[in-house]
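Q: Each chain is listed here by its residues.
4 protein chains.
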Amino acid sequence: MSLETTSPARSHGLVCGDMLPGAGNRITDVPGVKVGHQTVIEGNLRTGFTAVLPHSGNIFLEKIPAAADVINGFGKSAGLMQIEELGTLETPILLTNTFGIGTGINALIRRELAENPEIDRSGGTVNPLVMECNDGYLSDINAIALTEADAFSALAAASSDFEQGNVGAGTGMSAFGFKGGIGTASRVFELDRGQFTLGTLVQANFGKPGDLTLPDGRKPHPNNTDQTEERGSVIIVVATDVPLESRQLKRVARRAAAGLGRLGAFYGNGSGDISLAFTTAYRVPHFIEGDFVAREILQEGRIDVLFKAVAETTQEAVLNAMISAPAMRGYKGRSRPSLRDWLNGLD
Amino acid sequence: MSLETTSPARSHGLVCGDMLPGAGNRITDVPGVKVGHQTVIEGNLRTGFTAVLPHSGNIFLEKIPAAADVINGFGKSAGLMQIEELGTLETPILLTNTFGIGTGINALIRRELAENPEIDRSGGTVNPLVMECNDGYLSDINAIALTEADAFSALAAASSDFEQGNVGAGTGMSAFGFKGGIGTASRVFELDRGQFTLGTLVQANFGKPGDLTLPDGRKPHPNNTDQTEERGSVIIVVATDVPLESRQLKRVARRAAAGLGRLGAFYGNGSGDISLAFTTAYRVPHFIEGDFVAREILQEGRIDVLFKAVAETTQEAVLNAMISAPAMRGYKGRSRPSLRDWLNGLD
Amino acid sequence: MSLETTSPARSHGLVCGDMLPGAGNRITDVPGVKVGHQTVIEGNLRTGFTAVLPHSGNIFLEKIPAAADVINGFGKSAGLMQIEELGTLETPILLTNTFGIGTGINALIRRELAENPEIDRSGGTVNPLVMECNDGYLSDINAIALTEADAFSALAAASSDFEQGNVGAGTGMSAFGFKGGIGTASRVFELDRGQFTLGTLVQANFGKPGDLTLPDGRKPHPNNTDQTEERGSVIIVVATDVPLESRQLKRVARRAAAGLGRLGAFYGNGSGDISLAFTTAYRVPHFIEGDFVAREILQEGRIDVLFKAVAETTQEAVLNAMISAPAMRGYKGRSRPSLRDWLNGLD
Amino acid sequence: MSLETTSPARSHGLVCGDMLPGAGNRITDVPGVKVGHQTVIEGNLRTGFTAVLPHSGNIFLEKIPAAADVINGFGKSAGLMQIEELGTLETPILLTNTFGIGTGINALIRRELAENPEIDRSGGTVNPLVMECNDGYLSDINAIALTEADAFSALAAASSDFEQGNVGAGTGMSAFGFKGGIGTASRVFELDRGQFTLGTLVQANFGKPGDLTLPDGRKPHPNNTDQTEERGSVIIVVATDVPLESRQLKRVARRAAAGLGRLGAFYGNGSGDISLAFTTAYRVPHFIEGDFVAREILQEGRIDVLFKAVAETTQEAVLNAMISAPAMRGYKGRSRPSLRDWLNGLD
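Protein chains in written order, with the UniProt record's numbering: chain A, 1 to 347; chain B, 1 to 347; chain C, 1 to 347; chain D, 1 to 347.
Treat the hints with care, since some could be wrong.
A pair counts as met if it fits within one copy or between any two copies, since identical chains are not told apart.
The list that follows gives simulated cross-link-like pairs (lysine to any residue, SDA-like), each with its CA atoms no further than 20 Å apart [stated by the list, open to error]: (1) K219 with L14; (2) K332 with E118; (3) K219 with G13; (4) K332 with G124.
Hints are computed from structural coordinates only; laboratory data are not their basis.
Bear in mind that the values here come from a model prediction, so they are computed numbers and not experimental data.
Just chain A, with the same shape it has in the complex (with noise of 0.2 Å):
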């Protein structure tokens, strides 16, 4: 692995950083995370739903600590009250269109009934996390056509391995005026007892035509475009496998938002830009034995690296998914070009 081939930005040049990117470059480089995506393309709809899972056990009984950073609050996600107070997330993670919301938490729920016949006996209910950005621009996003079998699907796709670009929930994004889409990156470093990983997953779909600032200063520009204002949102999601406590991950979350500043943006008003942060670590469990649990967290003088490891990955992920994402025509014969082929001098 080289540091100038493993990530779509850096195949064109673009370092973000001078950490060291993960095997793949990408959020599935922390041991056990994996990604699905279920693409929609199909007459006026451009959508999609993506899902991370934490781990490949029964998340609902296996719960993961996490913590979310509200960089910007217009946005319509789902299950973020309940991770600010318990410092746990209990289902997969869905990322989908707005509409897409209700469908995704009824899908959570019905897969932990389905995993989990305890939830009955044990009295318990069930905190989906689904997060959103509005791709009503290349979809008929009214349509309201995402189905619970869209999100298992999904769901089942999980794997180490992924695509980025115009899949999944970012199959109707834009960023900056171009396409955008989902991205990904990853930085390793080491601690006692060995190597870490930070791995970040974005669907990019903010940014204002003119203000995307490339690592080297360039302002990559989009032709023809007719948007003139901020516009869309942003979902940060970040893995890592160092042991965190839940105000340690909120803050962690937080560095999302110096990544997406590099990158140009000044999170606009309409933009719901969200960062949530987990750790594959240890577990939370459902069923509690004992009134005490033993945990091995990262003392906080060293939370550092993995503040620098978010920025960057943020940024580089959101590269990551405009390169990877081609042009793109959708509903109303409206389209947005590809910042790959601007950094080819195609457009």
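Chain A is already provided as a structure; the job is to place chains B, C and D on it using the hints.
A: Structure of chains B, C and D alone, referenced to chain A:
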């Protein structure tokens, strides 16, 4: 109207605080506010939807200033993030059971799309507000039986006149080991330009048996309960015609916690205790003209009367919910006794 | 020890809740916690400092897990921002009057510099925690009369044995139109490995005359008060030996609001109501060795006993403060009657 | 005025964003805002106070709408809690070193008491706002040498004309391994009724050597630095004459994080990064008449221009601070090189 006879609690001699109730001692004393229920009692189901409409116009086009306080965030309510960011509510409020959130979201989206073809033209989306408590003790919640049609029925039933107790989203509720439900109360007070009103509606589903404290110091304990822990949740919706900005509304919402405390609650770990406040005094238009807008708001130094009113109405609304709710038998033969029977010496 | 005799409130038949108090029914029942007062009653002054020491070691080098909940932020307390971010407390806690904050900060800085020459060598600074209520009714607060020497005296006086009422930072306090002050209470409970304790100390300076509600339903109103509005503030300090992470401590701190509600408070506009919780169960070292640290923490599902204990001890500590405080005459001839006299039929 | 010549950064060809700077490209372009410094360079001291006055009247009697965003709360600033609750600022803003907070608080209290004998009569107190960065690298911070007289000198020096770089609270600052300091920038834009201004002042004391990124993509690294970690803090003060409510001001303040991100920062663990925004467009009177007040505020949908201006001015103000600051030698012979020298090829 006399202080003694305008609520179920007062008819049992239970008076909360010393402020004067509104004409109906209910949230709909705030002019324009309407409440509707869809009650589902059939087979194993004891559930429903309750809709609160801040005004009878197009809420998406004429948004409502609002803010929430999360007293304890163990809950699945949707829509609060955007309200926190923007300080406005743009749909009716739906209350339901925990697994009805997705369906409630979809119903509200469809309602707004039907009422507002301009949602598509303007590129905007809509932020549905749906809040919930778990009725899984008395109802087969895992059936996920509520439909969008049920939500529409609750919305269509909205009226200034509405029932309390085992209705709508209150149908399957429990509180302090007794039957819970929907309750309401209001207070009136003088400010410049005349009389103003604050009204509160609760979905009461919280409290540990034995903790309930009446205003006269009595502590009713249900007989034969199998519940030993704090469980459930409580949703508090506060309406007023006093003009407030969203920061002030958040402060107002927070005072519901004082009312819960007076009842003997301690905001248990598993209780999703959420308070939302809105004002009908002005509206925030979706389509704006000009860069500035004129507002009149309450002087901060005059806000204590609203704080006091929230504490009193929250306390009374919960008692009204419980006293209005007859004993109920439901799913798996489980049952909850009625506080009214206890007060009447029948329990 | 009997339930009836271990506190000023209990000696008047006022019992808050049903949990068992600790041996002294005070915050210092939590092993290692000490409290000291410096009381200044001279001329126009009725003021002072109260110090709470989480342990008797070097608190800067061995920090204390802590978190605060701001119930109402009309107040001038210093040090809370860093506690929110890092989840640790690194100085003793000082309580004082509103204009004593700056002096308290300087005293704590000087104390830590004297104890820790390594502060300079390591390049770190120190985050003093000083909280306050306004004693300007009974004391000439504008004299800014407290000195760093007064703060050192309070710190030096710290002991597991301490007085309640008109002492230290409680000297000039008022509550519900009566004399306020410093009060305390504790509760004990069983968890794995034995008995644990939660103790609370309050600086009670809040409440509108006529709103005070006793556990038996009586509502004492002071005679001849010139106060008609809610005014003042209340600081609540909660200590426990149960191991909690900072997110859990924040949840615990928040439950003080329930205790205040039970007393008839509604967190008035001008009342700075702040609750801080810390645990003595483990320490966070300033100089770290290794990248990871092992911790044992409470299972979230076991936290309700602490929530209940906070509500009960907050309620009782305020009553203890008021009952321990004799009537006082102060600045400009103003006076506050004693709740103890009212209870004894003397007011 | 030309875009190229109105700031230290622009005179070196470094342009941040594409908006037009105000006449002086500084915070005092916002009418009424004044800045004053008291610089202390003597012996081992390299420190001082910087005062920002929102208007020249009595700020306690005519409070200023304000809000803060805590980007990273590792800091000791005082006064933010009440601003969060009430949305108003009632003293000038003082910036200083970490151990100058207590002295700054006392100075502001004394100033307000002297200006407002009614503080005593009305029973109110005052909430001093003092923010800080640690200048312990270049200055003997442990001497706690600053006096209230120093604070008064900074307040008295307030003017629309002021210096940047090694002045006032910026005297001992470091940034990205270079000399830091006080910097400023502004932007103007059109809204209904004419031109409006947003101006920013920073106390820049943050950043890891090697992380600094210039707008043209260059990454200046200081020679011979002994600093290897992110350290320090940054305080950002944003002023505007656009009428905003406090919720909007909080949103505006948060966008400073984007400007910091563009500079290469990641909000390091030990960096107290705090952004405060205020508006001069209206005032909130201490003594209120009537229950309601009329306000005009910005339509939410027009806020992006302010967000963009904050990102641009934060980025530029930090560069202006660094470029204005000559190399400095201080405590224990330590020194920081100047970014200006690096830009001029002299480092």
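Q: Work down the list of hints and note, for each, if the structure agrees.
A: Going down the list of hints, with the structure as the test:
1. K219 with L14: both (13 Å within a copy, 15 Å between copies)
2. K332 with E118: For K332 and E118, the Cα distance is within 20 Å only across copies (16 Å; inside one copy 47 Å).
3. K219 with G13: both (15 Å within a copy, 17 Å between copies)
4. K332 with G124: Between. Shortest inter-copy distance 16 Å satisfies the 20 Å Cα cut-off; intra-copy 45 Å does not.
Every hint from the earlier list agrees with this structure, and none is contradicted.
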